[in-house]
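J.: Each residue of the first sequence is one higher than the one before, counting from 1319 in the working numbering.
A few of these clues could be false.
As the list claims (entries may be wrong) - With a straight-line Cα cutoff of 20 Å, these simulated DMTMM-like cross-link-like pairs (lysine to aspartate or glutamate) come out:
no.: 1; residue 1: 1838; residue 2: 1484
no.: 2; residue 1: 1955; residue 2: 2105
no.: 3; residue 1: 1695; residue 2: 1594
no.: 4; residue 1: 1336; residue 2: 1465
no.: 5; residue 1: 1466; residue 2: 1598
no.: 6; residue 1: 1350; residue 2: 1549
no.: 7; residue 1: 1998; residue 2: 1977
no.: 8; residue 1: 2021; residue 2: 2046
no.: 9; residue 1: 1459; residue 2: 1447
no.: 10; residue 1: 1459; residue 2: 1476
no.: 11; residue 1: 1466; residue 2: 1594
no.: 12; residue 1: 1592; residue 2: 1612
no.: 13; residue 1: 2029; residue 2: 2077
Simulated from the structure, these hints should not be mistaken for lab results.
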Amino acid sequence: MEIRFFPIEFVHKIREDKPYIYMYGKLEDNTKICVIQEYQPYFYAQVHESHKTQLGERLKALEVETNEGKAKVVSWESVEKELLGKTKSFWKIYTNFPKAVQLISNELSSWGIECYEKDVPFVHRYLRDQKITPMTLVEVKGEFIEEKNTRVPIFIAEEVKQFSKEAIKQLKTLAIDIETYSPEKSVIDPEKNPILMIAFYGMDEEGQEFKKVLTWKRFKSRLNYLETVTDEIELLVRCRQIILDYQPDIITGYFSDGFDFPYIKTRADKYKLKMDLGLDYSELNTGKKTDFREGKTKITGILHLDVFKFIRNIFGKNLNTESYSLNAVSKELLGNKKDDVNISELAQAWDNNSEELEDFCKYNLQDAHLTLKLCQKLMYDMIEFSKIVNLPLFDVVRMKFSKLVESYIMKRTIDYNILAPNRPGRNEIEQRMEETFQGAFVYEPTPGLYEDIIIFDFRSLYPTIITAHNIGPEGLCCQCCDEEKRDLVPGDHHYWFCNRKKSFLSKVLERIILRRIDLKRLIKETKDKGEETNILDARSYTLKTLANSFYGYMGFFGARWYSIECARATTAFARDYIQRTIKKAEESGFQVIYADTDSCFLLLGDKIKDEAMRFMNEVNFDLPGHMELEFEGHYPKGIFVALKGSDKGAKKKYALLDDDGEMKITGFETIRRNWSPLAKGVQEEVLRLVLEGHIEEALAHVKEIIKKLKKGEIALEKLIIKTQITKDLRSYSSIGPHVAVALRLLEQGINVVPGMVVEYVIGKGSGLIREKAKLLEEIKPGEYDADYYLFNQIIPAVNSIFLVLGIKEEDIYRDSSQIGLGKFF
DNA sequence: ATCGAGTATAA
DNA sequence: GTTGCTACTCGAT
């Protein structure tokens, strides 16, 4: 019989001594199902003609002992494949189970035989080979079978094929969030401290909501979603039952890989409770955490998405948020303002049986609710990534850019019969890390206030250069192109890329670019019809992200298709194009005031916009491939400032005012999170007033703020400085203010993990700044260090702006205050 | 005094 | 994922 289903979650297992892929998913009527198919794992080996007979004998005899049985070679066949531009003959060697690939190939390597694609995860291999796209409708031929140990029907497939590219729309999702007992001045310790409450927030296919907060302390409350149990054991038992009863397609959490699930697992293990949530009755698997690998929690058959990971790894790049906390991200993405409670007071409220516990329950549920909404909001984007790289959503949301690009390239190897180069070993990585290359060109601006600025920029500069100049490792210094026809890379290095045979990477990249061009047209048509473009927008964003990552990928030391020459050539062409554009603008009579990588700022002067557009069209006339210079905008006013203590113009630091009076600030402290809102606010106001031509007001504004600052009237929230902790606290060689504060947080029992952003205020006193750095709860209003905020925050933030106008530092202080400035006169 | 480590930002 | 740029703090020389 034939059925159609949406595959969502994947595992592989040995069944009756044979390797099988298990695809958990849903039929079109939302019934859950698991489709299984036998599949043989394999890898490739490069075999010399003369060794073939001998090697065959050795492979037949080869056996490697493991605790899962003997790893063996099942069979092999000879295939032709292209490896970095050269077509060669390889053996495709099949093994008896997936893990055997690694063991057998290691053995062959020790015999001096080069092996390839030996580290491709089995599920990934299957999906690519079978051309099955997760989350889309797949048609399978086969039959239902009776199996033990399964919570859903099992269908064994003989044939599978993609039925449609349309992604699944109805997904039953459950968000989960836990609160734990964490008394002050103690480290988070799942061995010691219990889970106090667990919140669930679900939504089914029809949009029906499900809310519940479980807790094991009784207190007065009229919350209808509250369920009270006797103790933590029962809490965990109920937690298991709730998930099993609800049977979501997706379980989501915010940092649930790193916190909620490992915590639940640790507590359950402590009481020897089963957490057999898997659709095959398997236990919650929190994975192995090492120094290099983060933990992942997998529940067989239920897709666990850690929304935090997707945001941190991929989506966060196009957010403006200063931190990846649930609070900050929800605010930007959902526009919600979260009701906050001081979570460090939970332990105390718990011990005192306080009625405030109700607030913590509400807070707990709110977090689950926000997580659910974030997951739903990002679902299109996550699914698009999954579809485009053809991998399980579980893996995609946990990937970083390099893996994502590589997966996409790996998918394309099938279409072009290409063999993937191996990932670099330890030595190779070390060598690659020492290689550097020159980046983009940045024009040094002359400090000043400018009028009528026109900005042009190259659309997708790096991707279009790679395709237009056929950049790719295979065509490097080819011998097939005649010397006079070679497309030489600009600069001192004498090298070129073949212009007869298209390189694999540029073919792959061009497909992305072309698809995006089509898609943009479709989006426009759809919008014109007044229809929703959510999914198309997500797809366009995915393609753009992928295309933009190619250049970085080629220069990344861990890449399979690493090529420093390709990365070097990409930036070399880019520098050449932007410099030629600048020259051409000047030849056309425009004054160029700034340029950075792919953009060019010029002054309109006494010309009209049409003349600028004519210049742009002339540039475009000569551009190859998909390269294009675009009109970015017209700005009536703009300011460029000088380097500190110099009259040279600062690069990557300017502010513009557009036709609608909107300000666009680049590089200034205003947009940096490790400056106080006070300094940022003053700077932004000064920039605005100066650009609008109100210089006196700008100066007066600063003086006013300084007066308030000296009187101790500035609210503490405006003085908060946020700095990220980027590594383990113990490995800091120099203890900055942020590290000092983080160490105190640790003492209070707050889990300080890399990536966390700490907030502090500089308090009154003497000594190092780090000694004066205070947590918000450690300082009272007015007790801040006014001098610090004046000399280290406000003055540096506005000084360079005023200097452009000929206003010196002393002019800022004049009349603003009579105290504490003696040392400056 | 000067320099490296650390943080953050632009493209 | 890459390089480029500026400015500040800490801590060692």
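J.: Now, for every hint given, state plainly whether the structure supports it.
T.: A quick look at each hint next to the structure:
Restraint check: the Cα-Cα separation between residue 1838 and residue 1484 comes to about 18 Å, which is no more than 20 Å; the hinted pair holds. Among the hinted pairs, residue 1955 with residue 2105 is inconsistent with the structure: their alpha-carbon atoms are about 33 Å apart, more than 20 Å. Distance check on the hinted pair: residue 1695 and residue 1594 sit about 29 Å apart at the alpha-carbon level, beyond 20 Å; violated. Our distance criterion of 20 Å between C-alpha atoms is met by residue 1336 and residue 1465, whose separation comes to about 15 Å.
Our distance criterion of 20 Å between C-alpha atoms is met by residue 1466 and residue 1598, whose separation comes to about 9 Å. Straight-line distance between C-alpha atoms of residue 1350 and residue 1549 comes to about 33 Å, which puts the hinted pair past the 20 Å bound. Annotation: proposed proximity of residue 1998 to residue 1977 is violated, straight-line Cα distance about 24 Å (limit 20 Å). Our distance criterion of 20 Å between C-alpha atoms is broken by residue 2021 and residue 2046, whose separation comes to about 42 Å.
A hinted pair counts as satisfied when its Cα atoms are at most 20 Å apart, and residue 1459 with residue 1447 qualifies at roughly 17 Å. In summary, the hint linking residue 1459 to residue 1476 is supported, as the alpha carbons are separated by about 6 Å, within the 20 Å threshold. Distance restraint check for residue 1466 and residue 1594: the Cα-Cα separation of roughly 15 Å lies within the 20 Å cut-off, and the hinted pair is therefore satisfied. Of the pairs offered as hints, the one joining residue 1592 and residue 1612 is violated, with about 24 Å between alpha carbons and a cut-off of 20 Å exceeded.
With a C-alpha separation of about 23 Å, the suggested pairing of residue 2029 with residue 2077 is violated against the 20 Å cut-off.
Against the hints set out earlier in the document, violations occur for numbers 2, 3, 6, 7, 8, 12, 13.
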